[in-house]
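What follows is each chain in one-letter form.
There are 2 protein chains.
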Amino acid sequence: MALIVQKYGGTSVKDSERIKAVAQRIIKTKEKGNQMVVVVSAPAGMTDDLIRLAHEICDTPPAREMDMLLATGEQRSIALLAMALCAQGHSAISFTGPQAGILTTKTHTKARILNIDPDRIKTELEKGNIVIVAGFQGATEDDAITTLDRGGSDTSAVAIAAGIKADVCEIYTDVDGVYTADPRIVKNPKKLDTISHDEMLEMASSGAKVLHSRAVEFAKKYDVPLYVLSSFNENPGTLVTKEVESMEDVVIRGVTHDKNQAKITIFGVPDKPGTAFKIFNKIGEAEINVDMIVQSIGKDDKATISFTVSKTDLRQALEIVKEVGKELGSSEVLADEKVAKVSIVGVGMRSHSGVAARMFQSLARENINIQMISTSEIKLSCIIDENDVERAVQAIHDEFNLSE
Amino acid sequence: MALIVQKYGGTSVKDSERIKAVAQRIIKTKEKGNQMVVVVSAPAGMTDDLIRLAHEICDTPPAREMDMLLATGEQRSIALLAMALCAQGHSAISFTGPQAGILTTKTHTKARILNIDPDRIKTELEKGNIVIVAGFQGATEDDAITTLDRGGSDTSAVAIAAGIKADVCEIYTDVDGVYTADPRIVKNPKKLDTISHDEMLEMASSGAKVLHSRAVEFAKKYDVPLYVLSSFNENPGTLVTKEVESMEDVVIRGVTHDKNQAKITIFGVPDKPGTAFKIFNKIGEAEINVDMIVQSIGKDDKATISFTVSKTDLRQALEIVKEVGKELGSSEVLADEKVAKVSIVGVGMRSHSGVAARMFQSLARENINIQMISTSEIKLSCIIDENDVERAVQAIHDEFNLSE
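So the sequences go chain by chain: Y and F. Last residue of the first sequence? That's 404 in our numbering, and every number before it is there in order. Last residue of the second sequence? That's 1404 in our numbering, and every number before it is there in order.
It should be emphasised that the hints constitute simulated quantities derived from the structure, not laboratory data. Take the hints with a grain of salt, since some may be wrong.
Quick list of in silico lysine to any residue cross-link-like pairs, SDA-like style, CA-CA up to 25 Å [said to hold, decoys possible]:
{"hint": "1", "chain 1": "F", "residue 1": "K1106", "chain 2": "Y", "residue 2": "S91"}
{"hint": "2", "chain 1": "F", "residue 1": "K1014", "chain 2": "Y", "residue 2": "D117"}
{"hint": "3", "chain 1": "F", "residue 1": "K1127", "chain 2": "Y", "residue 2": "T60"}
{"hint": "4", "chain 1": "F", "residue 1": "K1106", "chain 2": "Y", "residue 2": "D117"}
{"hint": "5", "chain 1": "Y", "residue 1": "K127", "chain 2": "F", "residue 2": "D1143"}
{"hint": "6", "chain 1": "Y", "residue 1": "K165", "chain 2": "Y", "residue 2": "T29"}
{"hint": "7", "chain 1": "F", "residue 1": "K1030", "chain 2": "F", "residue 2": "D1143"}
{"hint": "8", "chain 1": "Y", "residue 1": "K14", "chain 2": "F", "residue 2": "M1046"}
{"hint": "9", "chain 1": "F", "residue 1": "K1014", "chain 2": "Y", "residue 2": "D15"}
{"hint": "10", "chain 1": "Y", "residue 1": "K20", "chain 2": "F", "residue 2": "D1048"}
{"hint": "11", "chain 1": "F", "residue 1": "K1209", "chain 2": "F", "residue 2": "L1239"}
{"hint": "12", "chain 1": "F", "residue 1": "K1299", "chain 2": "F", "residue 2": "K1209"}
{"hint": "13", "chain 1": "Y", "residue 1": "K20", "chain 2": "Y", "residue 2": "D49"}
{"hint": "14", "chain 1": "F", "residue 1": "K1209", "chain 2": "F", "residue 2": "D1049"}
{"hint": "15", "chain 1": "Y", "residue 1": "K14", "chain 2": "F", "residue 2": "D1049"}
{"hint": "16", "chain 1": "Y", "residue 1": "K106", "chain 2": "F", "residue 2": "L1125"}
{"hint": "17", "chain 1": "Y", "residue 1": "K28", "chain 2": "F", "residue 2": "K1110"}
{"hint": "18", "chain 1": "Y", "residue 1": "K106", "chain 2": "F", "residue 2": "D1048"}
{"hint": "19", "chain 1": "F", "residue 1": "K1020", "chain 2": "Y", "residue 2": "K165"}
{"hint": "20", "chain 1": "Y", "residue 1": "K127", "chain 2": "F", "residue 2": "K1028"}
{"hint": "21", "chain 1": "F", "residue 1": "K1110", "chain 2": "F", "residue 2": "L1318"}
{"hint": "22", "chain 1": "Y", "residue 1": "K127", "chain 2": "F", "residue 2": "A1063"}
{"hint": "23", "chain 1": "Y", "residue 1": "K30", "chain 2": "Y", "residue 2": "D167"}
{"hint": "24", "chain 1": "F", "residue 1": "K1028", "chain 2": "Y", "residue 2": "D49"}
{"hint": "25", "chain 1": "Y", "residue 1": "K106", "chain 2": "F", "residue 2": "D1059"}
{"hint": "26", "chain 1": "F", "residue 1": "K1030", "chain 2": "Y", "residue 2": "E56"}
Not close to chain Y: a few residues of chain F, all C-beta gaps over 10 Å, as computed [said to hold, decoys possible]:
{"hint": "27", "residue": "K1032"}
{"hint": "28", "residue": "P1236"}
{"hint": "29", "residue": "F1280"}
{"hint": "30", "residue": "A1357"}
Quantities reported herein were computed from a predicted structural model and do not represent experimental measurements. Backbone N, C-alpha and C fix where the C-beta goes; we use that ideal spot for every residue, glycine too.
Next comes chain Y alone, as it looks inside the complex (with noise of 0.2 Å):
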């Protein structure tokens, strides 16, 4: 007998036919004699429908209140498939976010579980009941609703399967695991069988949306063994897991690409202690996130800073830089939004060298211009024309022999 979270994300959950199949799926695992703790998303489509709502009736709707009406999301997905278990004589409970004993900050719409309490969900599965928790929420210490990031859901389970001190964590989602690059962009990809943690925090963000990063961090910080499945299929998944030493005989895991990105540059600002600091701090308190950041130093101590947010931040990002290049006497500021990055991921590149020159020489075979490079110890990025992404991802994914 295992203890054993499994999560079900939007598209699993969207009518009462697919919430009936997700419920013989749990009563398959919970007839082999498993505790079962189920973790479930809003059904698809219904958090933008209750976001495009809100802005109808307010241009900036408060956070607090925002989250109020997106946490019904999942509390509809949890009791409906809650029903769906007792229909087929299951016992079954459910459980909202704060109901399930997930501490979150106060941060509304963007908060983050600092704790869990079991206790409730244990004495439930002492019982003998399926537990059904919605994803995505929690409650404050104030006891206010809140709501986490968006693909918060993975999060959720893997905290709950972390504070519940579950045997295996499951995410079914609707692809069956983690690729070696996006089935939609190259010919023959190959499904992993494992990954480290750290693969997969780079290579969730850098564009590969299986999983939610932060659910990673949770799951490499608590060591929850997590599975990536099909919800729509028996295939076997993707386990992500503690970095061992053979996974380093791999030169690289994967290739991934994220085309929601923007570049900003600003041309000629002081080569001089604090102008990245000025940049970035106002960047910062605008609450955008900065991807890369690129700097190369000009001619007559100036120099030119580069860097990338997402496409849906770069309006506002540029503004702010417009009026600190004004202060730092910048000469330019200059806004492309048609570009992408391509990224390799891999602890094999700790330990095999030419890795970097490998992917290089397989852009400039394609004629891909690089714009950008960034690396880090288990990654590389470049940021390329938005045109090249697909040429891109399946030149590099041939240059590694990807596919055997």
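Once you have looked at the hints, place chain F on chain Y.
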């Protein structure tokens, strides 16, 4: 400065435009210097939609999960209304029933309010916030979400008004007060300026849908002045209040009718102690509410018992009665669902004689046959053919000169 509780029903919050209009109404009262608590229902139609959805998934959904599901309706309304108030520059904060401190019994889908903890609402009022509370819901002492009987948002509003010692509770609805009879049936009804709690209770229980009985009970018990007003115009409404002596000057306050009635008659049962108990005990166990009961003695120590239930309960009640009838040696069981109830209500009935005779006479003049009669201190009800209802109500309304 007054402390005012307002309650808006589902039609008042059914879409963005209506919600904005309600927000303006609230602001108008707030700007006169009042403190405001606003109780809202789910958007019109949403509760029915959710019930339909639940039945797609489960024939008999567990009541606890039904409450989890239904509670999302009001939660949507409170969030959107708080947003609409913020959009117009007013600070508002929403609370679900559980957050607002509404403690209920554990009878899911039909819970009763036990207590209100007013602290959280009061704290927000002191900060100058408009407090928006989800009607129709609360929590058990074990922190499970419950919903009240349908129409329970009225009860939530009055209970909160009692809990925070509000100066007045205003129920906004789609009619602009309590009338001497249903304006859709009677040509010349009169809106009542005031009505006593007891009269309102009898009106509500005999078919006037304007206020939920339990809300009136609360208002009576805690002496909360209760106004019924239209949310679509500025007309003065009806004040439901303590009985004062002058109310007895009026012979009757109003005429009500209820078409949701069905009659069951069981012939030839033993005219001895325990017979009625045997029948109504079984009916009660099936949670079927019986309205009127009339027993008459036939010959040979046999009795005939007639009673009414709601049309929706007829089939089930009939099955039970046929079974009990066999045990009791009944000669025949008949059912009639083509019946309706007309009632007159008024504290004046206590001091005016001949009221019943005048009612019977007005029906006789219209050649309407009376099938059953039931009386209380301030009410008199007759079961008649449902096709006669409109003529009956108009005739009685005329007889007592209620248009004046």
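Verification of the supplied hints:
1. K1106/F - S91/Y: Distance of about 18 Å is within 25 Å: holds.
2. K1014/F - D117/Y: Since the Cα atoms of K1014/F and D117/Y sit roughly 37 Å apart, the hinted pair is violated (cutoff 25 Å).
3. K1127/F - T60/Y: This hinted pair holds, its Cα atoms lying about 22 Å apart.
4. K1106/F - D117/Y: holds, 24 Å
5. K127/Y - D1143/F: holds, 18 Å
6. K165/Y - T29/Y: Answer holds: K165/Y to T29/Y is near 18 Å, not above 25 Å.
7. K1030/F - D1143/F: violated, 32 Å
8. K14/Y - M1046/F: holds, 17 Å
9. K1014/F - D15/Y: Satisfied, since the Cα-Cα distance of roughly 23 Å is no more than 25 Å.
10. K20/Y - D1048/F: holds, 21 Å
11. K1209/F - L1239/F: Distance ~16 Å between K1209/F and L1239/F Cα, so the pair holds.
12. K1299/F - K1209/F: violated, 41 Å
13. K20/Y - D49/Y: Answer holds: K20/Y to D49/Y is near 23 Å, not above 25 Å.
14. K1209/F - D1049/F: holds, 21 Å
15. K14/Y - D1049/F: Measuring from Cα to Cα gives roughly 15 Å; hence the hint holds.
16. K106/Y - L1125/F: holds, 21 Å
17. K28/Y - K1110/F: violated, 34 Å
18. K106/Y - D1048/F: violated, 34 Å
19. K1020/F - K165/Y: violated, 47 Å
20. K127/Y - K1028/F: violated, 52 Å
21. K1110/F - L1318/F: holds, 24 Å
22. K127/Y - A1063/F: holds, 19 Å
23. K30/Y - D167/Y: Within the cut-off at roughly 14 Å; holds.
24. K1028/F - D49/Y: Not satisfied, since the Cα-Cα distance of roughly 30 Å exceeds 25 Å.
25. K106/Y - D1059/F: violated, 40 Å
26. K1030/F - E56/Y: holds, 23 Å
27. K1032: holds, 24 Å
28. P1236: Answer for P1236/F: holds, closest chain Y Cβ roughly 30 Å.
29. F1280: holds, 32 Å
30. A1357: holds, 55 Å
Violated hints for the displayed structure, listed by number in ascending order: 2, 7, 12, 17, 18, 19, 20, 24 and 25.
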